[in-house]
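S.K.: Please construct the entire structure, taking both the sequences and the accompanying hints into account.
Line by line, the protein sequences are chains A and B.
All letters in the first sequence, in the order written, are residues 3 to 457 by this note's numbering.
All letters in the second sequence, in the order written, are residues 3 to 457 by this note's numbering.
Calculated from the structure, these hints are not laboratory results.
In this text, all values refer to a predicted model and were calculated from it rather than measured experimentally.
Some hints here could point you the wrong way.
Which copy? The list can't say, so a pair holds if one copy fits it or any two copies do.
Below, a list of computed lysine to any residue pairs in the SDA-like style, where the Cα atoms sit at most 20 angstroms apart [said to hold, decoys possible]:
| hint | residue 1 | residue 2 |
| --- | --- | --- |
| 1 | K310 | G376 |
| 2 | K7 | N327 |
| 3 | K406 | S157 |
| 4 | K92 | N79 |
| 5 | K88 | S78 |
| 6 | K416 | F123 |
| 7 | K7 | E99 |
| 8 | K213 | L244 |
| 9 | K404 | Q315 |
| 10 | K238 | L253 |
2 protein chains.
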Amino acid sequence: MAVQKPSIPKGTRDFNPTEMARRNYIFDTIKKHFKRYGFSAIETPAMENLSTLLGKYGEEGDKLLFKILNSGDFLSNVSDPYLAEKNSQKLTSQISEKGLRYDLTVPFARFVVQHRNELVFPFKRYQIQPVWRADRPQKGRYREFYQCDADMIGSDSLLNEVELVQMIDDVFSELNISVIIKLNNRKILSGIAEFVGEADKIVDITVAIDKLDKIGLEGVNREMLEKGISAEAIEKLQPIILLQGSNSYKLVQLKTILETSTTGLQGLDEMNTILRYLEHLKVNNEVELDLTLARGLNYYTGTIFEVKAAQVQIGSITGGGRYDNLTGIFGMPDVSGVGISFGADRIYDVLHETNAFPSTTNDDVTVLLVNFGGDEELYCLGLLRELRNAGINSELYPENAKMKKQMKYADDKKIPFVIVAGDEEMKNGHIAVKNMTTGEQKTMSMQEFIQSFTQ
Amino acid sequence: MAVQKPSIPKGTRDFNPTEMARRNYIFDTIKKHFKRYGFSAIETPAMENLSTLLGKYGEEGDKLLFKILNSGDFLSNVSDPYLAEKNSQKLTSQISEKGLRYDLTVPFARFVVQHRNELVFPFKRYQIQPVWRADRPQKGRYREFYQCDADMIGSDSLLNEVELVQMIDDVFSELNISVIIKLNNRKILSGIAEFVGEADKIVDITVAIDKLDKIGLEGVNREMLEKGISAEAIEKLQPIILLQGSNSYKLVQLKTILETSTTGLQGLDEMNTILRYLEHLKVNNEVELDLTLARGLNYYTGTIFEVKAAQVQIGSITGGGRYDNLTGIFGMPDVSGVGISFGADRIYDVLHETNAFPSTTNDDVTVLLVNFGGDEELYCLGLLRELRNAGINSELYPENAKMKKQMKYADDKKIPFVIVAGDEEMKNGHIAVKNMTTGEQKTMSMQEFIQSFTQ
Chain A
3 MAVQKPSIPK
13 GTRDFNPTEM
23 ARRNYIFDTI
33 KKHFKRYGFS
43 AIETPAMENL
53 STLLGKYGEE
63 GDKLLFKILN
73 SGDFLSNVSD
83 PYLAEKNSQK
93 LTSQISEKGL
103 RYDLTVPFAR
113 FVVQHRNELV
123 FPFKRYQIQP
133 VWRADRPQKG
143 RYREFYQCDA
153 DMIGSDSLLN
163 EVELVQMIDD
173 VFSELNISVI
183 IKLNNRKILS
193 GIAEFVGEAD
203 KIVDITVAID
213 KLDKIGLEGV
223 NREMLEKGIS
233 AEAIEKLQPI
243 ILLQGSNSYK
253 LVQLKTILET
263 STTGLQGLDE
273 MNTILRYLEH
283 LKVNNEVELD
293 LTLARGLNYY
303 TGTIFEVKAA
313 QVQIGSITGG
323 GRYDNLTGIF
333 GMPDVSGVGI
343 SFGADRIYDV
353 LHETNAFPST
363 TNDDVTVLLV
373 NFGGDEELYC
383 LGLLRELRNA
393 GINSELYPEN
403 AKMKKQMKYA
413 DDKKIPFVIV
423 AGDEEMKNGH
433 IAVKNMTTGE
443 QKTMSMQEFI
453 QSFTQ
Chain B
3 MAVQKPSIPK
13 GTRDFNPTEM
23 ARRNYIFDTI
33 KKHFKRYGFS
43 AIETPAMENL
53 STLLGKYGEE
63 GDKLLFKILN
73 SGDFLSNVSD
83 PYLAEKNSQK
93 LTSQISEKGL
103 RYDLTVPFAR
113 FVVQHRNELV
123 FPFKRYQIQP
133 VWRADRPQKG
143 RYREFYQCDA
153 DMIGSDSLLN
163 EVELVQMIDD
173 VFSELNISVI
183 IKLNNRKILS
193 GIAEFVGEAD
203 KIVDITVAID
213 KLDKIGLEGV
223 NREMLEKGIS
233 AEAIEKLQPI
243 ILLQGSNSYK
253 LVQLKTILET
263 STTGLQGLDE
273 MNTILRYLEH
283 LKVNNEVELD
293 LTLARGLNYY
303 TGTIFEVKAA
313 QVQIGSITGG
323 GRYDNLTGIF
333 GMPDVSGVGI
343 SFGADRIYDV
353 LHETNAFPST
363 TNDDVTVLLV
373 NFGGDEELYC
383 LGLLRELRNA
393 GINSELYPEN
403 AKMKKQMKYA
413 DDKKIPFVIV
423 AGDEEMKNGH
433 IAVKNMTTGE
443 QKTMSMQEFI
453 QSFTQ
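M.R.: Laid out in structure tokens, this is it:
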């Protein structure tokens, strides 16, 4: 077989042991808090029926789904006209019935409806799995990446939003990332659209305003004009877009702005309630009411969350919101839920940039035993067993190689302790321990060495 | 949008929280021992280039790969003749360039060669990820399933085989599954084929013999005859296939059988060495030299492993072996490696059948606080914070629902403790704790309650 130069598809990544230790540090921290807050894990298949995925992510979404070719003779049932036309789009549904999941929210909604009789409601699940999108790969944008989601479904209580803010605060406090937790509410946005007289253009308005950070106020206004929003409406929106001040101040202003909008006042009431709860609880990071926050997805019907790193210029690192009818698509209407998704890759980038990864992790091998071959090797196999029984990750160099080579191996793998148990040590029943970090060498019994770990 | 009855593709599964806890029990146990033995984690993408995957799994393998349809206008570059012929097989390579990984071993080999300059050799990696095969789904056979692999590459020392046997022994001892760890050697099988005068038919012989458990001796002999193996050779094979007795006895018999085969004697020497090491070490489970063991894959060149559950009728639950030239395909020849793969789904089935899953796991929510609304709710939010800070997984019911409903929630979710902190408890600074398992109710301070956990 001809030699193939090894490579992987664009937008995908391999993770070596160091990267894995860092990624797991992030996942384990998030998972710990998911569990702490009473969420339980589920997993769904990588492959969903295309019918589950199509039409859920907007116009562009369908194009970004990875589709799986049917097995066997996939052309046997296709229409000849489509083939003759070379119509890729029409042919797809005839040669493909499955696709890779694009996010964890639609699979979650499908799961809840499919298993509704087995679940306890309100149902609180977390899910940490990869998702796939055929995006154009760029910095921070991959074709395969993990999402870390926590959703609660079956309760419209705002206490759930409060819990999620606290959970976000706990996760980022533990990761040592200073954040701004931004809140908005879809009903407030509806109220604003009503107030400026363009109630039916809420999507165009919010999509434009959401880009404020990226394209500036002039860019936002230009886009709204292009979408047919009246000049008067745009004028009325300016002070709202530019509204500064404390959350309390903004709430007071909004009371006036939204006073004729039932929906708007409802959203304001929800926001008031959430912020009042949070005042009673200790939150380390800043919580900000941001009226320009909309986020791309259409299914949010209430509170909208977004988290930004306070000290690093990067897109949002966590997002989410309340949705009143996600499961309706699958036949279970009127079940309210709210959830958030941690962007593990962005969090990785922030920790990398702020040099905030811990220097060691539990994954590391702690001890290397030197291999002298023969009887000493057998003796060391016994010592190895003692170390492992004591819970210490250890290995014995697999061959009787030169000492220099074995020490280099320990050094390259950053193994902190090398144990020498040769002829002499065997006789004494002692071991010679070299601390690879300090360079210090000490003779002791294996028992002493093990005890120094369990203290 | 019309209502779609939710379902998932055949051969795939959802996992609810109870199933997740059980699966994680298996993965966490295996992972703990992987790390204990000095293996480090890596991950590779779900999607590999088709060129990496094709031709690596035998004739049938290519058909069982899931292929990913190219994005965009995938028909634009196809040959019209293929379209006209409706030739699915020829068209595949024109409309698909990526596939889902079929196992973890080929991606591992590709990874090693691609990253050879970053790795420390001998390289010991573990990998726990799902793989995908378009098999016909049946009991115990899924289209998406996890593999738990540990491989060491860059050393031909037999100590590595010994380590793997010990690791298998440790894992199944901890899982409380009694197993038989079967060993064989590809060189011994070569030697046997030479001995019976059919050296070039080793594959046909071993494929047939490997089916002994499934089709019996008559079936095995019939198959060998069909494959053109001479009657004399089949006659000479009978006593070898039926060889019983201790490992030492078998080794003695093999010495005679293989005496004119260099390769055979080499294999025998390797087996002798491994078994002698194991005699010096404490192994809980049975280790058996099984001359009928071959396993399907062609890349094994030395030791072959297979693990069977001693008390449950099920296929193999772990397998693996030594391979001298896996990375050669990708341009790095002559690097020897050895590895094993734990079949998590089969292990799940064994634990299920023997009722050996532990009754509780760490994932469970430990405390539910009852929600009375108003001031009591706010007070309970404070208690919740105390519980979580102490590391106790807790939740507050999200609404002021009837007590009966809240208790049912705790019961359905198997939450072991329900805490009531209403008007009276607030005044006293106490909490009323109900133990849901015993039914016992007790009043105490939060501090007392927390201490009872950390003891």
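S.K.: Which numbered hints does this structure break?
M.R.: 1 and 9
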